Amino acid sequence: MNDLLNGSDMARTIQLAIAPVFLLAGIGAFLNVIAGRLARVVDRSRDIEALHGAARGAERVRLVEELRVIEKRMNLASRAIYLGTASGLAVCLLVITLFVGELIDFNLGDAIAVLFVVAIALLASAMVLFLRETRIAVAVLHVREELLELEGEIAADQRRGGSSVADTVRAKVGLGKGPRTRS
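With numbering that gives the first Met the number 0, the residue at position 60 of the sequence shown is 59, and numbering never jumps.
Just to be clear, a hint being listed does not mean it is correct.
[Said to hold, decoys possible] With beta-carbon atoms standing in for the labels, derived distance ranges:
#, residue 1, residue 2, range
1, Arg67, Ala10, 54 to 64 Å
2, Ala34, Val60, 23 to 33 Å
3, Leu92, Val32, 21 to 31 Å
4, Ala49, Ala10, 56 to 66 Å
5, Ile13, Leu50, 50 to 60 Å
6, Ala28, Arg131, 12 to 22 Å
7, Ala24, Val127, 17 to 27 Å
8, Phe98, Asn74, 30 to 40 Å
Keep in mind the hints are simulated off the structure, nothing from the lab.
For clarity, every value in this text was computed on a predicted model and none was experimentally measured.
In this text, a Cβ means the ideal position worked out from N, Cα and C, and glycines have one as well.
Please build the complete structure, drawing on both the sequences and the hints.
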C-alpha cells in the first residue's frame, strides 16, 4: 500500500499511459471516418433500393450490380469498425493493466506487451479492410457516358445564351428544368 501513496511512481505510470491514450484517440478518429463512409454507403443503398422497383432492362441490371458492390462495401466497413473497436478495447485494457500493475506492485510487462501487439494487429487488420473498401469504391466509380458527352452541348447552349449548365444536365438525364441560377 506504500506504493499507492508514492506520487512519483504514479506520475511515471501516468506518463507511460499517455502514449496508449493518444493511440486510442487515433483509433477513435479512424472509427469516425469508417462510420461516416458506412453511413454514406447505406444511404446510397437506400436510394438504389427506391429506384430498383421501377427500373427495367439494362438500368435494373446496373442497379443490381451496384447493390452487390454496396453490400460488399458495407460488409468490409462493418468488419473494419468491429476490428477497430476491438483494437480500442485492447488499448483500454493495456492502460488498465499498466495501472493495476503499478498499484499492486506486480510486473505485468509481458501482459502489457501482448496487449499492445494485439491492439496494433487489430488496428492493422481494420486498416486493411478499410483499404479494401476504398479500393472497391474507386474501382467501381464511374461517370455515366451520357454525362461525359455534355461538354459540347453545354458550350453550345451557353453560346446561344440559352440554358444554364445545370439545366442542360437536368434535361440530358431526364430530370426536367430546375431553378435557374446565375453564375
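Evaluation of the provided hints:
no.	hint	verdict
1	Arg67 x Ala10: 54 to 64 Å	56 Å, holds
2	Ala34 x Val60: 23 to 33 Å	31 Å, holds
3	Leu92 x Val32: 21 to 31 Å	24 Å, holds
4	Ala49 x Ala10: 56 to 66 Å	58 Å, holds
5	Ile13 x Leu50: 50 to 60 Å	55 Å, holds
6	Ala28 x Arg131: 12 to 22 Å	20 Å, holds
7	Ala24 x Val127: 17 to 27 Å	21 Å, holds
8	Phe98 x Asn74: 30 to 40 Å	37 Å, holds
In summary, this structure violates none of the numbered hints.
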